[in-house]
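Participant: Modelling step: build the complete structure from the supplied sequences, incorporating the hints.
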Amino acid sequence: MSILEVNGVSIRYMTGDFKDIGIKEYITRRLRGKYQVKEFWADKNVTFTLEKGDMLGIIGTNGAGKSTLLKAISGIMEPTEGYVKREGTIAALLELASGFDGDLTVQENTYLRGAMLGYTRKFMNEMYDQIIAFADLKDFEERPFKQLSSGMKSRLAFSIACLVQPDILILDEVLSVGDGAFRKKSEKKMKEIIGSGATTILVSHSIVQVREMCTKILWLHKGHQVEFGDDVQGICDRYQEMLDGKRQISVPER
Amino acid sequence: MIQKMKRYQFLFEELVKRDFKKKYKRTVLGMAWSVLSPLLMLLVLRLVFTQFFGRGMDHYTTYLFCGNLVFSYFNESTSQGMTSLTGNASIFTKVNIPKYLFLFSKNIQTLINFGLTLCVFFVFCVLDQITFTWKFILLVYPILCLVLFNIGVGLILSAMFVFFRDIQYLWGVFTQLLMYMSAIFYTTDGYSPLFQKLFYLNPVYAMISYVRKIVLYGTIPTLQHHVLILFYALLVLAIGGWVYKKYNTKFLYYV
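So the sequences go chain by chain: S and R. Heads up: the first sequence begins at 1 in our numbering, then just goes up one per residue. Heads up: the second sequence begins at 1 in our numbering, then just goes up one per residue.
To be clear, the hints were calculated from the coordinates, so they are not data collected in a lab. A couple of the hints might just be wrong.
Stated by the list, open to error - Calculated from the model, a selection of chain S residues having no Cβ within reach of chain R, i.e. all distances over 10 Å:
1) Ser2
2) Trp41
3) Asp54
4) Met127
5) Lys185
6) Lys191
7) Glu192
8) Ser204
9) Asp237
As the list claims (entries may be wrong) - For lysine-lysine, the following DSBU-like pairs were computed, each having C-alpha atoms within a straight-line distance of at most 30 Å:
10) Lys146(S) / Lys25(R)
11) Lys6(R) / Lys122(S)
12) Lys38(S) / Lys246(R)
13) Lys188(S) / Lys94(R)
14) Lys85(S) / Lys4(R)
15) Lys38(S) / Lys85(S)
16) Lys146(S) / Lys21(R)
17) Lys122(S) / Lys25(R)
18) Lys250(R) / Lys222(S)
19) Lys122(S) / Lys17(R)
20) Lys94(R) / Lys138(S)
21) Lys246(R) / Lys85(S)
22) Lys4(R) / Lys21(R)
23) Lys6(R) / Lys21(R)
24) Lys94(R) / Lys38(S)
25) Lys250(R) / Lys94(R)
C-beta atoms are modelled at their ideal positions from N, C-alpha and C, and glycine is treated no differently.
Facilitator: Take a look at the structure:
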């Protein structure tokens, strides 16, 4: 029984005139027949399944559709075509440092974020000290969040997020936060979570990291699925060749 | 539904807390403003309409306050609710949570404000020598309808605001117009009976007049009146709910 099934998922973004134009522009353009909406397929026909305990690495250059795919998997977006079937709870840690409120204090933000991730108040009360200690922000608890450095922000974000115990865990570039010392600490923590049997999806630009940690690889290129399989080293090698310019990827015309 | 509510209860509480803290940040008087600002508004209205326009009627202050009470709650709740989606875009594009929570949280805040103003209102009633009767309990009904109505309008507005930012300005003008049509500082007695009925096409007026009938005249409004305000409330709520359901996954593309 697979824990996550992504079947023929395509996601269409609309770009073009409909955004930021206001009513007047909308009407005039409609009247003149100049109203244009371009379709843009961020992901096209992506299919894969994951079993319990799998660690999937998603690789691909910028704009390959990785983050969009993650949004579909976590349920923030609906796929335009295809479907995503999930078994169990899912936690998505996407672009961690954003979504905080600069005016609130560190403590308030911690609780708010915890609530967003679906923790209970009791759990947060128990874990709060631990979170602050892990993020090393003991002296900053009552400070407004906007006064923190960007490193501190991501440290806090990670410290709250890493308490999740989901069946499926989605990590979008979260392993590369903070300075060297914190990165070591966070990698260790992450491995603990993964080791506890969660199915994990990792998006990373660090090929080294992916080779080291993942058991399956999904390679996306401009929204299309190039390869998927458990031949981690082989796929990474071919991806590296493409990055070095030794290999061309041809994708079907869209 | 109940399970869902339980699940998001903590998040909801935190959102309410956040809205509160943000609202009164950097104000010396803090929450006292909730009471003070309607009072000042009332003072201005009273001054203008008794000193300059010379309206002589019994309990004019209470009459004014009834209208102002309902209208400012409506105004505050809807115009603040309008930005509840766009203002929280950075959250709902990253976490999968019900988007109406943001609006509900804003509405809790304005409802508490309204509650405080209501207390002041009752103090004024005492000062204005209004006789309190058991019928005052019935005020719960229009308030409930008003809450639902405001949520409904808020849902519609916040969704529209995602697509067209012009709404903000149009709504400002519209509420101004609505205020003048809600008979807040004048009475409808001078109009023909038919015209007086037309006033009831305005949901806000229907709510105001309900409150006045209880407070000023000590009468229980007709059954039709009850049905009418409930109808308005449920209608906009249904439209708002439908809009949110329909565009739930589309908001994302527009923010």
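Participant: Of the hints stated earlier, which fail here?
Facilitator: none
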